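**Q** Listed here are the chains, written in short residue letters.
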Amino acid sequence: MAPRLVWLVVTVSHAHEGRRAPDEDRPVLEKTRGWLDRIGDPALKVITFSAAALSVTILGLITYELITGARLAFHSFGLGFLTSQTWDAIHNQFGALSLIVGTFVTSVLAIVIATPLAVAIALFLTELAPKHVRSLLGALVEMLAAIPSVILGLWGILVLGPFIQNQLEPFLGSTLGFLPFFRGPHSGTGLLTAILVLTIMIVPIVASVTRELFTTVPSELREGALALGATRWEMVRGVLLPATRPGILAAVALGFGRAIGEAMAVLMVIGGTIGIHLSLFGHSDTLAARIAGQYQGSSTNLQTSSLVYLATILLVISLVVNIGAQLLIKPIDRRPRRRRIALDRAFEAQGLSAD
Amino acid sequence: MSEPAFTLKATGRLRRRQLVNQAMGALALAAALLAVAVLAIVVISVARRGAGSLNLDFFTQSQAQGFNPKGGGVLFAIVGTFVLVGIASLIALPLGVLTAIYISELATPRLARIGRMALDITNGIPTIVIGIFVFTVLVAAHGQSAFAGSLALSIIMLPIIARSTEEVLLLVPPAQREASLALGVSRWRTTVQVVIPSAMGGILTGTTLAIARVAGETAPLLFLTSLGVASHADANPFHPLSSLTLVIFEYSEQASPDYQSKAWAAAFILMCFVLFTSLTAKLALARYRKKLEG
Amino acid sequence: METIKTKIEVKERDRLPVIGDREAVFEARDLSVFYGDQRAIDSVNLTIYQRLITAIIGPSGCGKSTFLRTLNRMNDLVPSASISGELRYRGIDLYGPGVDAVEVRRRIGMVFQKPNPFHSSIYDNVAFGMRILGMKKDLDGRVENALRAAALWDEVKDRLKDSALGLSGGQQQRLCIARAIAVEPEVVLFDEPASALDPISTSAIEDLMHELKRDYTLVIVTHNMQQAARVADMTAFFGLEVKPDGSRYGVLVEYDETAKIFTNPSDPRTEGYVTGRFG
Numbered sequence: 001m002a003p004r005l006v007w008l009v010v011t012v013s014h015a016h017e018g019r020r021a022p023d024e025d026r027p028v029l030e031k032t033r034g035w036l037d038r039i040g041d042p043a044l045k046v047i048t049f050s051a052a053a054l055s056v057t058i059l060g061l062i063t064y065e066l067i068t069g070a071r072l073a074f075h076s077f078g079l080g081f082l083t084s085q086t087w088d089a090i091h092n093q094f095g096a097l098s099l100i101v102g103t104f105v106t107s108v109l110a111i112v113i114a115t116p117l118a119v120a121i122a123l124f125l126t127e128l129a130p131k132h133v134r135s136l137l138g139a140l141v142e143m144l145a146a147i148p149s150v151i152l153g154l155w156g157i158l159v160l161g162p163f164i165q166n167q168l169e170p171f172l173g174s175t176l177g178f179l180p181f182f183r184g185p186h187s188g189t190g191l192l193t194a195i196l197v198l199t200i201m202i203v204p205i206v207a208s209v210t211r212e213l214f215t216t217v218p219s220e221l222r223e224g225a226l227a228l229g230a231t232r233w234e235m236v237r238g239v240l241l242p243a244t245r246p247g248i249l250a251a252v253a254l255g256f257g258r259a260i261g262e263a264m265a266v267l268m269v270i271g272g273t274i275g276i277h278l279s280l281f282g283h284s285d286t287l288a289a290r291i292a293g294q295y296q297g298s299s300t301n302l303q304t305s306s307l308v309y310l311a312t313i314l315l316v317i318s319l320v321v322n323i324g325a326q327l328l329i330k331p332i333d334r335r336p337r338r339r340r341i342a343l344d345r346a347f348e349a350q351g352l353s354a355d
Numbered sequence: 356m357s358e359p360a361f362t363l364k365a366t367g368r369l370r371r372r373q374l375v376n377q378a379m380g381a382l383a384l385a386a387a388l389l390a391v392a393v394l395a396i397v398v399i400s401v402a403r404r405g406a407g408s409l410n411l412d413f414f415t416q417s418q419a420q421g422f423n424p425k426g427g428g429v430l431f432a433i434v435g436t437f438v439l440v441g442i443a444s445l446i447a448l449p450l451g452v453l454t455a456i457y458i459s460e461l462a463t464p465r466l467a468r469i470g471r472m473a474l475d476i477t478n479g480i481p482t483i484v485i486g487i488f489v490f491t492v493l494v495a496a497h498g499q500s501a502f503a504g505s506l507a508l509s510i511i512m513l514p515i516i517a518r519s520t521e522e523v524l525l526l527v528p529p530a531q532r533e534a535s536l537a538l539g540v541s542r543w544r545t546t547v548q549v550v551i552p553s554a555m556g557g558i559l560t561g562t563t564l565a566i567a568r569v570a571g572e573t574a575p576l577l578f579l580t581s582l583g584v585a586s587h588a589d590a591n592p593f594h595p596l597s598s599l600t601l602v603i604f605e606y607s608e609q610a611s612p613d614y615q616s617k618a619w620a621a622a623f624i625l626m627c628f629v630l631f632t633s634l635t636a637k638l639a640l641a642r643y644r645k646k647l648e649g
Numbered sequence: 650m651e652t653i654k655t656k657i658e659v660k661e662r663d664r665l666p667v668i669g670d671r672e673a674v675f676e677a678r679d680l681s682v683f684y685g686d687q688r689a690i691d692s693v694n695l696t697i698y699q700r701l702i703t704a705i706i707g708p709s710g711c712g713k714s715t716f717l718r719t720l721n722r723m724n725d726l727v728p729s730a731s732i733s734g735e736l737r738y739r740g741i742d743l744y745g746p747g748v749d750a751v752e753v754r755r756r757i758g759m760v761f762q763k764p765n766p767f768h769s770s771i772y773d774n775v776a777f778g779m780r781i782l783g784m785k786k787d788l789d790g791r792v793e794n795a796l797r798a799a800a801l802w803d804e805v806k807d808r809l810k811d812s813a814l815g816l817s818g819g820q821q822q823r824l825c826i827a828r829a830i831a832v833e834p835e836v837v838l839f840d841e842p843a844s845a846l847d848p849i850s851t852s853a854i855e856d857l858m859h860e861l862k863r864d865y866t867l868v869i870v871t872h873n874m875q876q877a878a879r880v881a882d883m884t885a886f887f888g889l890e891v892k893p894d895g896s897r898y899g900v901l902v903e904y905d906e907t908a909k910i911f912t913n914p915s916d917p918r919t920e921g922y923v924t925g926r927f928g
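Keeping their order, the protein sequence lines are chains A, B and C. Letter by letter, the first sequence follows residues 1 to 355 in the numbering used here. Letter by letter, the second sequence follows residues 356 to 649 in the numbering used here. Letter by letter, the third sequence follows residues 650 to 928 in the numbering used here.
It is possible that part of the hints are untrue.
[Said to hold, decoys possible] Quick list of in silico lysine-lysine cross-link-like pairs, DSS-like style, CA-CA up to 27 angstroms:
1) C:Lys-786 with B:Lys-364
2) C:Lys-810 with B:Lys-364
3) B:Lys-646 with A:Lys-131
4) C:Lys-786 with C:Lys-810
In short, the hints are calculated from the structure, not lab data. Computed from a prediction, not measured in an experiment: that's the story for all the values here.
With these hints in hand, go ahead and build the complete structure from the sequences.
**A** Here is the structure:
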């Protein structure tokens, strides 16, 4: 650093030698500031502010454009779009209800399965794993998040699918078949496959954030519980988890947000069928998957606009979830630097998986 | 010494509590092992099925047209991915770094918070939605192009680059800035010629992470740069270009096992690239953070 | 430097009047503590007696806290920590086979330097240990007793459900004491209990210790000699040995009645420390 600084100062002072008449009254420092330096500071401010403004307004732009694009469909169907199950390209009748339900069913079940797994993994990494294992295992878990979703979708169709069709669903059908959720023909594609694939995607996200959260809990808190004669688990359940509850909720919100937005992997394994039904073995569809599934083009403007309408609904849901997660994180943000770094890692974890 | 009237061994209730403790520990271990097992299964599945189909033809020939499964390389798809990601980086990198400079060095705390929140929210927008956005803005009027795809990818990369750059900028020791300013160097020069070079390692690794992320994106590209056109050599960003991810998706839709094996092969290439890039970038970032922090 | 042998062990017939015929609660024989290969404390021989306040004083780095944490096996939490020699608690080898550290910590409680209340209500803080142990009968009464014994009851009795984090530093520390004695330990260890507190809270804690002495054996680590002089019955002075090869570790230099340590110490190192010449 130091050589660079020296070079810099020398360059600056050389640049101004002989450019201005020496003025005995001016303080030495001012002599080294030429025109470039005078406009440099405000210029930097303007340039970077513009960049930041642009980055921020993209959010508003996206919202605006989507609402505009959906206008045609909104005029045709209004809010009834949200309660209609039809998606009929031939008769130009479209409705989002089936997709909204599908989105929530898959994402909620995925997060329900993923959260205990993720918290358990985070606990293992912070409380139980020996030091050298910790970073290796942590890296492996994060690698899971880095796998592109189209690859997970491919694996879902060709590897997980057959397993579900030939082993898992028969097993569930025979043991839990008395419940309406586990009835019906066995298929490699459908809700169950989609839920499992989504779970695989969001476990690493929730686990990374939760793990960072646990490392910010001071050791005195843990020691206080252990010194009272609590076992490790009792310390976790009675002290660690209660102390990190808002952060865990934020992590869950992030994972949920990821799940509802997932298009490719879900598209490839869910079977793309309209209709709400109880069985997890059946086919379904979600907002993101249906939008993606129409990539080959729509026949009418109304259909295109309906797609944009779907995208708007998805955007609104995702904004609500994300802003909710931000609000949950906010109280944590006010604490010292370690928490900020935890948040940044949370952010990273979210941004890790490609759709 | 008389016989002690008590014991420090685990008895009765404590024994039960210790059993619960051990059971919970076992569950936690099982969860971690499950995650690793799933990772291994996926990676090994892709590697086994993909590596076998790799041959020179696969790389060098263009995508097969129609239902002729013979031959069919993905060279043009790889070129397409490069172009898409390359242009996206050219857009997102300067924009992201400048945004980060503003937020971390020049903004008031309130504006900085708004900026960060906006970036975090943008980061959480489903990529399919971003694809539809660029579709309505660009493609509806001007048709598909790789440039449109790059635009969508750059929107995805922007928050990642901006936030990671911001983090790195905050890690640069204040002493460096103070020394520079104390020597009479103006603020903008301090930022541009002292702080940025110092943070460059972190900025580059953050960008690499963003690249690894968008190289695996499919959804935003679906509407923006079409499939199946990689039959001729093309790197013109104003034409629609294919990408490795689109090829995997397209081939996965086909029933024929030959297409499927090509999908696996393409998946293998993509997976290797993404995992390798992510891993090295994260290692570099971790080491870089440690260097600046400790 | 030659180790000057001083009267560290108190023999039966030479028992100090303050000890009387009290039972030996802790007996350390040649106890050394290591972190990996690094020796932290060397060959301590020390007996701590029942229902006395024993203070451990010495310069920083001499291993006072390490020794304290060895007494309730909190040092186990450091993966590289190990001991050699013997440490007996009321006759039982603390580090013997089959000994459960959780049971040890229930009997030998600890109050830390910085108050560390849990992020829950005052009531739940005190009740935490009792709930774990299944002491569910008359929980309210037990919580009240613990808070009274910690001289905190009157100040919090109307806001038991409020967050413990809303209390002042001194109150939080007394809460931690209440929480520790709620599980009915036999010993309470204090690791610099008042160093993070203001003088008034410190004095309150010290008064509390005099009260607690009636029911519990107390061992206190403190860097504040005046505090040791005010509070302790017996005082152990740990010194720092620096070997020619650069390794440093703590040793027990002198252990005696507090009055003697401070007015007429036998070892010049003790005298140097208590008169403020070094340490």
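**Q** Now, for every hint given, state plainly whether the structure supports it.
**A** Consistency of the hints with the structure:
Taken as a hint, the C:Lys-786 and B:Lys-364 pair is honoured in the structure, with Cα atoms around 25 angstroms apart against an allowance of 27 angstroms. As the CA atoms of C:Lys-810 and B:Lys-364 are separated by approximately 36 angstroms, the hinted pair breaks the 27 angstroms bound. A distance of roughly 20 angstroms separates the Cα atoms of B:Lys-646 and A:Lys-131; the hinted pair therefore holds under the 27 angstroms criterion. For the given pair, C:Lys-786 sits about 19 angstroms from C:Lys-810 by alpha-carbon distance, which is consistent with the 27 angstroms threshold.
In summary, the structure is inconsistent with hint 2 from the numbered list given earlier, while agreeing with all the others.
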